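*Asks:* Letter by letter, the chains look like this.
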Amino acid sequence: MTAFLRAEEITKIFPGVVANDRITIEVESGEIHALLGENGAGKTTLVNILYGLHRPDSGRIVLRGQEVQLRSSRDAIALGIGMVHQHFMLVPPLTVAENIVLGMPSPREPLLDLRPASREISRLSQTYGLEVDPSARVWQLSVGMQQRVEIIKALYRGADLLILDEPTAVLTPQEIGDLFNNLRRLKAEGHAVIFISHKLDEVMEISDRVTVLRDGRLVNTVDTAKTDKASLARMMVGRDVLFRLEKPPVTPGEAVLKVNGLRVMNDRGQTAVGGVSFDICRGEILGVAGVAGNGQRELVEAIAGLRPVVGGEINLGDHMTTYLQPGDLLDLNLAHIPEDRQKVGLVMEFSVSENLVARLFSRLPFARNGFLFLDVIRQNADRLIKEFDIRVPHAEVKARALSGGNQQKVVLARELSREPDLILAAQPTRGLDVGATEFVEHRILDQRSRGAAILYVSTELEEILSLSDRIAVMHRGEIMGVVRPGEVSEEELGLMMAGEKRRS
Amino acid sequence: MFETLRQLLWSNDLIYATLRLATPLLFAALGGLMCERAGVINIGLEGLMLGGALAGYLVALKTGNPWLGLLAAAVAGLLAAALFAVVVITFRANQIVAAVGLNILMLGLTGVALRAAIGLSQGQTPAPTIPIWKIPGLGDLPFVGPVLFAHLPLVYIVFVLVALVAFVFYRTTWGLAVRAVGEHPRAAETVGINVIRVRYLTVLWSGILAGVGGAMLSIGYLNTFQEGMTAGRGFIAFSAIIFGRWTPLGTMLASLLFGFADALQLRIQAFGVNIPYQFLVMLPYVVTLLALFGVGRSKAPAASGVPYVPGEE
Numbered sequence: 000m001t002a003f004l005r006a007e008e009i010t011k012i013f014p015g016v017v018a019n020d021r022i023t024i025e026v027e028s029g030e031i032h033a034l035l036g037e038n039g040a041g042k043t044t045l046v047n048i049l050y051g052l053h054r055p056d057s058g059r060i061v062l063r064g065q066e067v068q069l070r071s072s073r074d075a076i077a078l079g080i081g082m083v084h085q086h087f088m089l090v091p092p093l094t095v096a097e098n099i100v101l102g103m104p105s106p107r108e109p110l111l112d113l114r115p116a117s118r119e120i121s122r123l124s125q126t127y128g129l130e131v132d133p134s135a136r137v138w139q140l141s142v143g144m145q146q147r148v149e150i151i152k153a154l155y156r157g158a159d160l161l162i163l164d165e166p167t168a169v170l171t172p173q174e175i176g177d178l179f180n181n182l183r184r185l186k187a188e189g190h191a192v193i194f195i196s197h198k199l200d201e202v203m204e205i206s207d208r209v210t211v212l213r214d215g216r217l218v219n220t221v222d223t224a225k226t227d228k229a230s231l232a233r234m235m236v237g238r239d240v241l242f243r244l245e246k247p248p249v250t251p252g253e254a255v256l257k258v259n260g261l262r263v264m265n266d267r268g269q270t271a272v273g274g275v276s277f278d279i280c281r282g283e284i285l286g287v288a289g290v291a292g293n294g295q296r297e298l299v300e301a302i303a304g305l306r307p308v309v310g311g312e313i314n315l316g317d318h319m320t321t322y323l324q325p326g327d328l329l330d331l332n333l334a335h336i337p338e339d340r341q342k343v344g345l346v347m348e349f350s351v352s353e354n355l356v357a358r359l360f361s362r363l364p365f366a367r368n369g370f371l372f373l374d375v376i377r378q379n380a381d382r383l384i385k386e387f388d389i390r391v392p393h394a395e396v397k398a399r400a401l402s403g404g405n406q407q408k409v410v411l412a413r414e415l416s417r418e419p420d421l422i423l424a425a426q427p428t429r430g431l432d433v434g435a436t437e438f439v440e441h442r443i444l445d446q447r448s449r450g451a452a453i454l455y456v457s458t459e460l461e462e463i464l465s466l467s468d469r470i471a472v473m474h475r476g477e478i479m480g481v482v483r484p485g486e487v488s489e490e491e492l493g494l495m496m497a498g499e500k501r502r503s
Numbered sequence: 000m001f002e003t004l005r006q007l008l009w010s011n012d013l014i015y016a017t018l019r020l021a022t023p024l025l026f027a028a029l030g031g032l033m034c035e036r037a038g039v040i041n042i043g044l045e046g047l048m049l050g051g052a053l054a055g056y057l058v059a060l061k062t063g064n065p066w067l068g069l070l071a072a073a074v075a076g077l078l079a080a081a082l083f084a085v086v087v088i089t090f091r092a093n094q095i096v097a098a099v100g101l102n103i104l105m106l107g108l109t110g111v112a113l114r115a116a117i118g119l120s121q122g123q124t125p126a127p128t129i130p131i132w133k134i135p136g137l138g139d140l141p142f143v144g145p146v147l148f149a150h151l152p153l154v155y156i157v158f159v160l161v162a163l164v165a166f167v168f169y170r171t172t173w174g175l176a177v178r179a180v181g182e183h184p185r186a187a188e189t190v191g192i193n194v195i196r197v198r199y200l201t202v203l204w205s206g207i208l209a210g211v212g213g214a215m216l217s218i219g220y221l222n223t224f225q226e227g228m229t230a231g232r233g234f235i236a237f238s239a240i241i242f243g244r245w246t247p248l249g250t251m252l253a254s255l256l257f258g259f260a261d262a263l264q265l266r267i268q269a270f271g272v273n274i275p276y277q278f279l280v281m282l283p284y285v286v287t288l289l290a291l292f293g294v295g296r297s298k299a300p301a302a303s304g305v306p307y308v309p310g311e312e
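From first to last, the protein sequence lines are chains E and B. Under numbering that gives the first Met the number 0, the first residue of the first sequence carries the number 0, and numbering increases by one thereafter. Under numbering that gives the first Met the number 0, the first residue of the second sequence carries the number 0, and numbering increases by one thereafter.
If you're looking for bench data, these hints aren't it; they were derived computationally from the structure. Since we're looking at a predicted model, the values are computed, not measured. Beta carbons are placed, not taken as given, at the ideal position from N, Cα and C, and that holds for glycine. What you were told as hints is all true, and nothing was included just to trick you.
Here are the computed distance ranges between Cβ atoms for each label pair:
#1 B:Ile14 <-> E:Pro115: 44 to 50 Å
#2 E:Val309 <-> B:Leu140: 58 to 64 Å
#3 B:Leu288 <-> E:Asp381: 51 to 57 Å
#4 B:Val159 <-> E:Pro115: 26 to 32 Å
#5 B:Leu7 <-> E:Gln341: 57 to 63 Å
With the C-beta cut set under 8 Å, the calculated list includes, among others, these residues of chain E facing chain B:
#6 Arg73
#7 Ile76
#8 His84
#9 Gly102
#10 Pro104
#11 Glu108
#12 Leu111
Let's have the full structure, built from the sequences with the hints guiding it.
*Replies:* Structure below.
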């Protein structure tokens with residue numbers, strides 16, 4: 000039997016990087032084929048080639064036994080290839096039906112007629128269990144719903160092969176379960192599925208075969224049934240990986256941060272944090288779990304003084320800091336590792352040494368009376384580059400030129416080298432690969448041992464469970480409950496993330 | 000006092016003049032609306048109108064046919080818009096800066112072209128103008144006839160155009176593509192829409208419409224061309240799009256409001272009210288400013304002003 004799709008010896012070179020180096024992959028009908036690899040391994044480039052968004056520099060693509068040329072996504076769609084991008088390709092102000100028919104000829108061309116489309120959408124919804132209201136506007140839908148719309152959109156275009164780029168990154172555990180059921184149904188109907196992930200558990204659960212990429216090269220393709228997590232991890236990273244984080248015992252001290260009835264608005268002026276209370280003690284990590292967009296960002300920003308507080312109180316040590324500006328907080332020894340290191344954490348056009356003093360540059364020892372002491376700033380940079388193992392040729396390289404992991408090390412070096420009392424870490428491992436993630440987690444644990452109080456926001460349940468001393472679950476701006484990692488299952492956490500209050 | 004005010008506001012002339020003065024704005028604004036919805040901010044409307052005004056005048060003058068003048072105005076707008084499109088879409092220049100450049104270019108170019116074509120002699124030769132067309136039957140109705148149905152044909156056309164643009168936006172596949180391109184061009188591209196093509200077409204249309212709007216000034220209401228005669232109308236048209244919240248109907252209402260402000264100041268001047276005319280001339284611009292204060296942060300198409308790079312992550 001010939002494979003439904005066979006990509007042979009695909010090579011794609013971007014300026015300075017070989018994103019794909021002679022990669023060959025085969026996908027059968029009725030198969031869920033996982034594509035596994037770290038960030039930058041070339042997964043997304045490969046599927047973008049299969050979807051016609053990039054042209055390969057060499058190699059060929061054989062579909063249903065025939066070689067095809069994919070010049071654009073239009074070609075790919077016409078040949079029955081559909082893709083659900085990591086960042087959804089939906090137009091928020093348009094309705095579900097409008098999004099689904101977008102770019103397709105209408106039965107009454109040039110007039111737009113959504114009625115037949117709506118009927119077809121309902122049929123697809125029923126066949127695959129993908130329930131969705133065709134007349135709803137996309138911006139009103141939850142992320143899980145939007146993903147369904149993307150899948151229906153691909154099926155509506157007659158996709159026999161569905162490519163999903165990191166589909167689980169944005170979902171709650173329950174939504175992931177639903178997605179997997181949908182995928183199994185698609186498989187049963189004879190569709191081929193390419194499932195991109197760097198999460199081993201998911202790959203083990205859903206896929207029939209796994210292709211592992213590393214540094215743009217094919218490592219191997221294996222049957223999922225004949226492999227295990229450890230060997231997949233070894234293929235992916237190139238060395239053995241410890242799954243369990245060693246967490247030294249620490250006895251928490253007195254409370255450093257006390258938050259009481261905190262209320263904060265989001266950028267649209269709606270309540271983002273609606274009356275939240277908690278304490279964090281010295282030597283303690285309070286993990287904040289939740290699906291992205293449930294108020295975690297606003298909570299962190301309010302404590303960091305970056306967002307006005309509309310109600311409640313924040314106390315840091317003996318100081319009431321509710322209404323303080325970031326500048327006022329400089330003396331209070333608070334560290335903030337922001338969610339978006341490229342926009343908030345760093346000035347991308349500034350050098351590493353400048354970024355390393357971005358918080359305290361106006362003070363001694365770095366400056367006096369408005370004049371910068373450049374040699375001190377440089378020494379500071381050299382010291383921190385060594386201490387935090389930041390991989391740069393020299394300290395005057397622009398932050399933009401660094402990899403994500405090294406950028407995050409710059410942020411960590413600046414924020415943690417002052418030995419802060421409170422650390423606000425907002426998704427500090429987001430987008431980092433296994434090695435850099437380990438580095439960040441260890442540094443955070445070091446700070447905990449030193450006696451810092453740490454607020455650790457993450458959307459990755461595993462990470463929250465392994466790092467936290469206590470876990471607060473946020474849903475729609477409220478804390479659904481505070482639990483200890485040993486006393487709760489992922490299932491329970493998932494339910495709380497979806498809005499179920501913990502009874503206790 | 001009250002009586003004066005009543006006479007000032009309650010008059011056929013005022014409504015007539017409102018329609019008359021709103022129409023050139025509305026032509027330009029409809030074109031601008033199309034490209035904004037596709038994600039291209041076009042504050043070059045001013046320059047495009049000016050180009051149309053001059054081309055209309057010169058061609059009407061040389062051929063003796065105002066309709067050929069109108070056609071020339073559309074073509075001139077199209078060509079100037081094509082230049083703008085190449086700069087901002089293909090070469091991805093900053094749309095605001097490029098449009099400011101276009102406006103300055105057109106101001107200079109029309110001045111030079113005018114002198115080159117008819118010499119330095121002042122006291123320009125009047126060109127033939129587009130005639131008023133009284134709609135048979137309707138034009139004879141009492142009261143409404145002379146107010147609504149005795150205009151330049153372009154006045155009727157522009158209101159039909161509003162309906163047409165609305166229909167295209169919301170009832171055709173092409174309109175859906177335009178809206179998608181202005182909000183999320185990458186999503187549009189992934190379903191096979193040619194973002195660059197859609198943007199080019201809308202910008203070219205805006206050139207045609209603004210050119211026609213400009214010609215109304217030179218060979219519609221006057222019979223001559225003066226340097227810089229658009230006097231900021233292109234910018235007012237641009238504001239009408241924003242005040243109209245990026246919808247055809249809203250843009251029409253905003254254009255009518257600005258046209259009304261212009262009509263009102265002319266009428267107050269004619270009334271001989273004791274206000275220096277310089278203040279009165281400011282009225283439409285002041286109304287525009289106030290209107291924009293009132294809009295607040297409303298929802299522009301998400302991708303407007305952002306150059307699109309096809310096929311990039």
